[in-house]
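Enquirer: For the record, the sequence lines run as chains A and B. Residue numbering for the first sequence follows numbering that gives the first Met the number 0, starting at 0 and increasing by one per position. Residue numbering for the second sequence follows numbering that gives the first Met the number 0, starting at 0 and increasing by one per position.
Rather than coming from a laboratory, the hints here were simulated on the basis of the structure. Cβ coordinates follow ideal geometry from the N, Cα and C atoms, glycine included. A couple of the hints might just be wrong.
[Unchecked claim] Facing chain B, a subset of chain A residues (Cβ under 8 Å, in silico): (1) Ala45; (2) Val48; (3) Tyr53; (4) Asp55; (5) Val97; (6) Leu276.
[Stated by the list, open to error] For each label pair, taking beta carbons as the anchor points, the in silico distance ranges come out as: (7) A:Asp279 <-> B:Ile112: 47 to 53 Å; (8) B:Ala111 <-> A:Tyr250: 51 to 57 Å; (9) B:Ala111 <-> A:Gln295: 45 to 51 Å; (10) B:Asn24 <-> A:Tyr258: 51 to 57 Å; (11) B:Ile112 <-> A:Pro112: 46 to 52 Å; (12) A:Glu174 <-> B:Asn24: 43 to 49 Å; (13) A:Tyr181 <-> B:Asp95: 31 to 37 Å; (14) A:Phe178 <-> B:Pro103: 22 to 28 Å.
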Amino acid sequence: MDETTILYFIAVVFSILVIYWISIAVSLTYRRNRTARLEKIEITFADIVSRYLYEDPKKPLTLTEITRTLRNVGIKEKNKNNIQFLIRLMIRTQRTIVGSNFYKLQRLYTQIPPYGVSVKKISSWNWYRQARGIRELYEMNQSQYFDEIFKYRNDKNIYVRREAQIALVVFLGWESLRFLPYLKRNMTLWQQIKIVEKLYDLYPKPELKWLHRAYKTDRLFGIKLLMRIIRKYELHAETGYIVDNLNHEDYEVRETAIYCIKTFAVSSSTMEYIKNLYDDIPDATQQGQLLDYIYQNSEIDLDFYMRQLYGTNDDLKLSIAEILWNNGYKEKVQEFYYEQYPNSVLNVG
Amino acid sequence: MRKVLVIQEDIIILKILERLVKLNNFECRAIRSLDALNIEDQQTNYDFIITDILFEGIAPLEFVAQIQEILLHKNLLIVTNMGQDKIKQEIFALRDITGFYAVPIDLDEIEAIIQAY
Chain A
0 MDETTILYFI
10 AVVFSILVIY
20 WISIAVSLTY
30 RRNRTARLEK
40 IEITFADIVS
50 RYLYEDPKKP
60 LTLTEITRTL
70 RNVGIKEKNK
80 NNIQFLIRLM
90 IRTQRTIVGS
100 NFYKLQRLYT
110 QIPPYGVSVK
120 KISSWNWYRQ
130 ARGIRELYEM
140 NQSQYFDEIF
150 KYRNDKNIYV
160 RREAQIALVV
170 FLGWESLRFL
180 PYLKRNMTLW
190 QQIKIVEKLY
200 DLYPKPELKW
210 LHRAYKTDRL
220 FGIKLLMRII
230 RKYELHAETG
240 YIVDNLNHED
250 YEVRETAIYC
260 IKTFAVSSST
270 MEYIKNLYDD
280 IPDATQQGQL
290 LDYIYQNSEI
300 DLDFYMRQLY
310 GTNDDLKLSI
320 AEILWNNGYK
330 EKVQEFYYEQ
340 YPNSVLNVG
Chain B
0 MRKVLVIQED
10 IIILKILERL
20 VKLNNFECRA
30 IRSLDALNIE
40 DQQTNYDFII
50 TDILFEGIAP
60 LEFVAQIQEI
70 LLHKNLLIVT
80 NMGQDKIKQE
90 IFALRDITGF
100 YAVPIDLDEI
110 EAIIQAY
């Protein structure tokens with residue numbers, strides 16, 4: 000390698016280094032400016048909200064003043080990132096406050112920029128923007144756009160319809176269950192949990208009228224959702240719906256029913272009914288779970304357990320035997336055991 | 000004039016509480032962390048301290064204990080994002096706490112307490 004090649008090599012390495020330094024410097028400056036800008040927007044927004052909620056009679060805050068101030072800190076149509084940041088602040092603030100100020104904020108949001116940015120997102124071709132738009136509208140409680148959102152409850156994209164369905168719950172509360180029988184697409188477990196949690200947070204007082212109407216749904220996800228709602232609200236009077244689904248033909252519906260019934264203690268007559276349903280469950284694991292529930296929530300019913308012990312279901316006989324053994328019926332288990340083997344094999348007697 | 004100290008990291012809640020307090024004819028000092036305290040604050044006997052409990056580098060209960068130890072005050076209100084049952088129980092077990100409000104908060108309740116003072 001001669002001298003010029005080495006010099007050339009050094010020059011190349013050095014220039015790459017310089018490019019790195021410059022890009023680091025640019026990125027650092029950009030980030031510093033950006034953080035400063037966002038902080039300024041946050042402080043300005045905090046100032047506006049506080050002055051709007053607690054207005055000083057001597058120095059009232061006008062809408063033109065708000066619009067001007069926001070524009071001065073960079074809330075302009077072309078600065079999409081700034082607008083998005085402001086929307087995030089608006090949602091955060093709305094979530095922090097309840098009572099009369101919540102409604103004041105809701106009114107403020109309809110009057111200040113970014114006007115209608117969220118609702119414009121709904122008509123976007125991109126599912127991500129659509130879902131985000133719907134979410135922003137329900138988080139800011141802008142119920143005037145209900146009709147636009149309502150159209151998306153059966154959207155083919157899972158995220159768009161998920162947000163639209165949650166928006167229905169936020170705006171209508173228990174009444175939104177009215178639409179449950181008419182939903183066409185599947186609802187995932189996560190979506191069911193989100194709906195139950197949202198409903199519980201915003202509408203803690205149950206309105207059984209709507210629940211009863213939703214009972215006529217034959218969609219599997221609908222049945223599961225209703226059972227989860229009954230469980231979350233601890234609606235003891237509605238446990239019949241869960242019990243009726245314990246022997247449902249679908250595996251997951253049965254699974255949810257068993258999971259939900261575990262929250263409740265039921266009357267002895269209902270427990271008798273559950274014991275009758277026990278034989279109809281085609282899956283041994285689920286029978287085992289239900290057996291566990293029956294054992295923990297009722298007195299020892301010797302007839303029931305003996306029937307199971309001498310029945311045809313071999314999978315759970317060991318569990319049944321254990322229950323009997325531990326609850327004072329040791330000799331019954333021994334009797335059953337000896338009956339299975341002729342004396343000669345056992346080498347006894 | 001009656002004095003209130005507000006300590007909140009979240010600038011929006013801080014500003015809102017500051018306005019609420021000022022409009023009710025209190026003198027208000029609003030800061031975002033304990034670092035911003037000065038000697039004067041330590042000598043002032045505040046009528047109310049309205050504070051969060053979630054700050055970097057310090058456990059919630061320890062923070063409350065510190066406030067009670069270093070600042071003179073008559074009433075201590077806690078307004079925080081941390082509304083978990085465990086925290087609530089622990090805070091209620093402490094002595095001399097006038098009120099505990101977890102988000103979402105109803106500002107009217109806080110205003111009522113201040114006005115009743």
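Enquirer: Are the hints correct? Go through all of them and say.
Expert: The hints, checked one at a time:
1. Ala45: holds, 4 Å
2. Val48: holds, 6 Å
3. Tyr53: The hint holds - Tyr53 (chain A) has a Cβ within 8 Å of chain B, the shortest such distance being about 4 Å.
4. Asp55: holds, 7 Å
5. Val97: Holds, because the Cβ-Cβ distance from Val97 (chain A) to chain B comes to roughly 4 Å (cut-off 8 Å).
6. Leu276: violated, 36 Å
7. A:Asp279 <-> B:Ile112: 47 to 53 Å: violated, 59 Å
8. B:Ala111 <-> A:Tyr250: 51 to 57 Å: With a Cβ separation near 54 Å, Ala111 (chain B) and Tyr250 (chain A) satisfy 51 to 57 Å, so the hint holds.
9. B:Ala111 <-> A:Gln295: 45 to 51 Å: holds, 47 Å
10. B:Asn24 <-> A:Tyr258: 51 to 57 Å: Since the Cβ atoms of Asn24 (chain B) and Tyr258 (chain A) sit about 56 Å apart, the hinted range of 51 to 57 Å holds.
11. B:Ile112 <-> A:Pro112: 46 to 52 Å: violated, 35 Å
12. A:Glu174 <-> B:Asn24: 43 to 49 Å: Given about 44 Å between the Cβ atoms, the range holds.
13. A:Tyr181 <-> B:Asp95: 31 to 37 Å: violated, 56 Å
14. A:Phe178 <-> B:Pro103: 22 to 28 Å: Since the Cβ atoms of Phe178 (chain A) and Pro103 (chain B) sit about 27 Å apart, the hinted range of 22 to 28 Å holds.
In this structure, the earlier hints numbered 6, 7, 11 and 13 are contradicted, and the remaining ones agree with it.
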